[in-house]
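A.B. asks: Protein chains in written order, with my numbering: chain L, 1 to 440; chain S, 1001 to 1440; chain R, 2001 to 2440.
I should point out that these hints are in silico values taken from the structure, not numbers from a laboratory. Glycine is no exception: its CB is placed at the ideal position from the N, C-alpha and C atoms. Among these hints, one or two may not hold up.
[To be verified] Not the full set, but computed from the structure, chain L residues with beta-carbon under 8 Å of chain R:
hint, residue
1, N94
2, S145
3, N146
4, D420
[As the list claims (entries may be wrong)] In silico DSSO-like pairs for lysine-lysine, Cα to Cα no more than 30 Å straight-line:
hint, chain 1, residue 1, chain 2, residue 2
5, R, K2422, S, K1408
6, S, K1015, R, K2241
7, S, K1015, L, K12
8, S, K1255, L, K52
9, R, K2241, S, K1255
10, S, K1408, R, K2241
11, S, K1255, L, K15
12, L, K255, S, K1419
13, L, K255, S, K1112
14, L, K358, S, K1015
15, L, K155, L, K185
16, L, K408, S, K1419
17, L, K419, L, K15
18, S, K1408, L, K365
19, S, K1160, S, K1119
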Amino acid sequence: MKVLLLAAGRSKRLKPVQDKNFLSFLGKPLIFHQIAQIRSFGLKDIIVVGGKHNLNAIKKLTAEIDPRIKVVEQKDLDEGMAGAVLSASRLIGNDAVFVVSANDVVEDNAFKLILKEAKNKGFDSCILGKRVSSYFPGGYLKVRSNGLISGIVEKPGAGKEPSKMINLVLHFHREGARLVSAIKKVKTARDDRYENALGVLISEGARMKAVPYDGFWRTIKYPWHVLEMMNGFLNELSGIKKGRDVQIARSAVIKGKVYLADGVKIMENAVIAGPAYIGKNTIIATNALVRESEIGENCVIGFGSEIARSHLGNDVWTHSNYIGDSIIGNDCSFGSGTVTGNLRLDEANIMVNIEGSKIDSRTTKLGLITGDGVRSGINTSFMPGVKIGNNSFIGAGIVVAQDVEDDKFVYGRTELMIKDNKAKADKTRREAMRSKVKGH
Amino acid sequence: MKVLLLAAGRSKRLKPVQDKNFLSFLGKPLIFHQIAQIRSFGLKDIIVVGGKHNLNAIKKLTAEIDPRIKVVEQKDLDEGMAGAVLSASRLIGNDAVFVVSANDVVEDNAFKLILKEAKNKGFDSCILGKRVSSYFPGGYLKVRSNGLISGIVEKPGAGKEPSKMINLVLHFHREGARLVSAIKKVKTARDDRYENALGVLISEGARMKAVPYDGFWRTIKYPWHVLEMMNGFLNELSGIKKGRDVQIARSAVIKGKVYLADGVKIMENAVIAGPAYIGKNTIIATNALVRESEIGENCVIGFGSEIARSHLGNDVWTHSNYIGDSIIGNDCSFGSGTVTGNLRLDEANIMVNIEGSKIDSRTTKLGLITGDGVRSGINTSFMPGVKIGNNSFIGAGIVVAQDVEDDKFVYGRTELMIKDNKAKADKTRREAMRSKVKGH
Amino acid sequence: MKVLLLAAGRSKRLKPVQDKNFLSFLGKPLIFHQIAQIRSFGLKDIIVVGGKHNLNAIKKLTAEIDPRIKVVEQKDLDEGMAGAVLSASRLIGNDAVFVVSANDVVEDNAFKLILKEAKNKGFDSCILGKRVSSYFPGGYLKVRSNGLISGIVEKPGAGKEPSKMINLVLHFHREGARLVSAIKKVKTARDDRYENALGVLISEGARMKAVPYDGFWRTIKYPWHVLEMMNGFLNELSGIKKGRDVQIARSAVIKGKVYLADGVKIMENAVIAGPAYIGKNTIIATNALVRESEIGENCVIGFGSEIARSHLGNDVWTHSNYIGDSIIGNDCSFGSGTVTGNLRLDEANIMVNIEGSKIDSRTTKLGLITGDGVRSGINTSFMPGVKIGNNSFIGAGIVVAQDVEDDKFVYGRTELMIKDNKAKADKTRREAMRSKVKGH
């Protein structure tokens, strides 16, 4: 059996967050976790489909994991899943093919369920059907009483669902060549061409089994999903684990489920409140607090910073900042006193601009979203849900309530008024005040 | 003997601070403390005079203390003390009456002195005379050589005081009906009608004893008096007291006179420097400092906050804030980096707008004064002595140097300049800098 | 032998930093260290040349050290070193004279080298030649093969250096009267008159020995040199030293080379990361961090402040500030949340205005430079390399990106927008949020 891992998507709605396949969770790219899960079932014959934007990164990664993993490029990304299958058709040949999305994270049990049904020669295909309790705007499986699928209905609307099962991309097809042939029969180039091909297979008599699944399902479509994904991974931690050469000051406190990678340094009075993952060689400086977050490699979480419920890339420097509910790219730095707002004053849901539309994040707590190479000055205020593009610099002391594109320099213009100072510091008063600081 | 506790005042000059009777000190409303003090002398026959604005709250509270306490409403609050006595005249009947202000806090000894003289049948009334060493703009007792009062002079002016004794409202009258009758003889409705009635009693031959008193006297007229009142109560604490289910992190420090109410949680590296009172179920988070303050119930004093010499209501959330010398209402929250200025640059006394006039607070240290339901954004700066009305929201990153009425939304308008960013983050330099952080 | 210590310079390029002679290092003025070094070689016959601006301070200091030290005033400071020698000519008489700059700090070995050569009667003068490996814009010694100086070339330009030796002002002259006479022969009043006089001596046949020196050399010309000078002194510390009556909270951490002067108080969770010097009676408050810095006397480094790689005068008050790579005068205070930017977003070298010109500080890390008596409000942002003059006050919440002269009051004008607030705090949501703070 060939496993076809689909990783060519461009993550457009994630911008400026980088390719989701390479977002790091527990110190490893998401796609690493996916490949590891596939291989844990003894499946070795893996073909990863990438795009021009990530092909080299995929090749580098898979070479480290197992040189036998094959990587193919999907040239036209607009062709979606169908294009991915066609790109790999020569490698699939006439073998069985197990099509898996790189971005849908499911429990091991989901694989077990599909692989178990796949052994039943009575089925030509097996499709994972995630059972949902409330309406979800995805593709629903239409299922006959014998458990076989008669079609897939995209976004039927609440109350019109043909079943409680959502189509998740864990699809087993006993004859890969038949799938390829069906796709070729669908002439439209729309992004539902693959789903239409499944309809062709059904109409040609393929017995397509709906495999009900009740476990978790996590995916990354919008930036805030990065935090949900992170939480899922962080909760897999157990106890306190330390890599090599980890230094922890005697007055630091590590509590909950915490992973400190090699070379991490935790300084005086710092607190790590798990679940939390701290990447290699990262310094958590004096009086800093990290909670429910993943911090990348080579970061410096500077004096008096708080990082809460956030995902930080590599080489991020903070300094007396509050970064809450935020997704921060690689190589970013924040001037002292810069703060991410993560809650509206009216406590309403936070709306985020996604490709020109305001999308409701369905959460009241969402902070800053940045690409790579972002710098902020001191005492800067980022409003909830703002996005800052790659390599953009944000000046000191301003309130940023709008998204910023890549490669911009944003600054404020403060008009200063200057007049003669008639006051003089009154030493007597200061002495009196000094006597009051006993309670410091 | 009936005790008439006057609690109908509207605390106009306190706005937006709530009814002073229900400001909490050591976890109990001010009026609770007053009733408890009265009852500590075995006085059970208490009549509380309230106004429409606080009648229900008084009834609820007195029902909990002792259902025998009677509560009457004063309809016309412009009638002042005289109106209060008239409102309760039926309940007073022909008994002796001990008129006590709910807002003047005095030592037990003040009650003892009055109650002792009241036993002397030779006197018809006994009036507490607080001896002052410097001029105070209040009513002075004019006293004959035999210790009997011949009149009360309102604000005589410095140097013209008829005695050193200020009239404090701890007034014993052996015949309540006679007081009521005297009030009725004064036809003016001015707020000194009660005092005029005392003049009537004197002119009719009543023997009114001035009872000299040298102990403390605290009252709340202006917002900053709340802090003075608080200090008085906090200093009554002794040692460290804890309620039930209090959790204190091993690295937290509690020092001085501190009361931690039931369910309080003190997190890592937090410091409570007494005297301080922390209300029920309040969380003092990591690295926070509370000193010389009262914090209400269900508050979260978030990471890295400092609360100094301040009075906070219930359900207040702070987060990396400095709140100094401030009076904060219930259900308020402050965005990270928001700071209360509490000292002028020229270290002059702080002036506060009270009903249209600038009043000198006679202190150089005064912070923010808020009503209930106030929210601030991140990195906001409040200037010393500013007042924010109930349910007003203050946007991020602004300097608030003016008072804000109830139910307002205040925000700044920052014009951002955006240009192309020609700089690139220089990795070599960052590496060099990284090598410098040894000293972190 | 007379030692002539030159201390009349006006430190113009240092403004608003005070007279460099009286900048404190390890708790003592720079000139104290210089005099102590001279005296450590048994040289007792010291003449200090001051100017009108510092004459009294020099007299006061030398009287404490040794009343035999003579102080003379140089009237015309434009006459430079030549003028200094002439001012002291009567005191020098016909003795040998050892001319030493008060601002060039060198190793003991530099003195040893000069004093050793001075014993050799074959030389009339000995001049210290600091060997440099790269071009420095100073005066280079032109040296004959026999080691005798044939002239001094000012700023020859890179590649045109006549030797690798820079002229440092440790100059021994066996006959002081001859030096005086040579100076008088130079008729120009330019500031190289002294150097020209050396040329006269050479032309008259004086044997002037170049004494090569490879040790350290530190001088203060521009404000940032104060930090380099400080680092040199701090590195002379060893281990942790405490004066009398030092109080250190149990939870405070002192590490590295640290000197705590008499009466210093270190509060809870404060961290001092050496090398650091803390002056007399200074308080390092709760949660503060001081690293690689010198703090003057009677300072309060308030709650949550970080002072990094900075030099602070006496009576400085900070409060939740970050002060990095900064030079702060005496009697300054900073409102809570005020931050010194010390790194440009583009990480380029920081330029500083010095007497009308932009001078490259040749460092990427430089913060604020202030005179004495400076005050800042809350949440103020100082851009890297900004200079604030004596007794200038800086308002709250502004970004200061320009230098400020002495005696100014600088403030911002924020236009606040006020509208009715339609939102109400939603208690249910707050309850939900509260349940999330477990991880605090």
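A.B. asks: Taking the hints in turn, state whether each one holds.
C.D. replies: A quick look at each hint next to the structure:
1. For L:N94, the suggested interface contact is broken, since its CB lies about 53 Å from the closest CB of chain R, more than 8 Å.
2. Interface hint at L:S145: violated, since its Cβ lies 42 Å from the closest Cβ of chain R, which is beyond the 8 Å cut-off.
3. Annotation: interface hint on L:N146 violated; nearest CB of chain R at approximately 44 Å, more than 8 Å.
4. Look at L:D420: its Cβ gets to within about 6 Å of chain R, closer than 8 Å, so that hint holds up.
5. For the hint pairing R:K2422 with S:K1408, the CA-to-CA distance comes to about 8 Å; that is within 30 Å, so the pair holds.
6. Of the pairs offered as hints, the one joining S:K1015 and R:K2241 is violated, with about 53 Å between alpha carbons and a cut-off of 30 Å exceeded.
7. About 52 Å separates the Cα atoms of S:K1015 and L:K12, which puts this hinted pair outside 30 Å; it is violated.
8. Taking the CA atoms of S:K1255 and L:K52, the gap is near 63 Å; set against the 30 Å cutoff, the hint is violated.
9. Proposed proximity of R:K2241 and S:K1255 is supported: the alpha carbons are some 27 Å apart, at most 30 Å.
10. For the hint linking S:K1408 to R:K2241, the alpha-carbon distance of about 56 Å lies beyond 30 Å, and the restraint is violated.
11. Proximity of S:K1255 to L:K15 is assessed by CA-CA distance (about 50 Å); at most 30 Å being required, the pair is judged violated.
12. Simply put, L:K255 and S:K1419 have alpha-carbon atoms about 45 Å apart, too far for the 30 Å limit, and the pair is violated.
13. Between L:K255 and S:K1112 the CA atoms are separated by roughly 55 Å; this puts the pair beyond 30 Å, and the hint is violated.
14. About 40 Å separates the Cα atoms of L:K358 and S:K1015, which puts this hinted pair outside 30 Å; it is violated.
15. Of the supplied pair hints, the one linking L:K155 and L:K185 holds, its CA atoms being roughly 24 Å apart against a limit of 30 Å.
16. Restraint check: the Cα-Cα separation between L:K408 and S:K1419 comes to about 6 Å, which is no more than 30 Å; the hinted pair holds.
17. For the given pair, L:K419 sits about 46 Å from L:K15 by alpha-carbon distance, which is inconsistent with the 30 Å threshold.
18. Under the criterion of a C-alpha separation no larger than 30 Å, the hint pairing S:K1408 with L:K365 is consistent with the structure, at around 23 Å.
19. Proximity of S:K1160 to S:K1119 is assessed by CA-CA distance (about 33 Å); at most 30 Å being required, the pair is judged violated.
The structure does not agree with the numbered hints 1, 2, 3, 6, 7, 8, 10, 11, 12, 13, 14, 17 and 19 stated previously, though it agrees with the rest.
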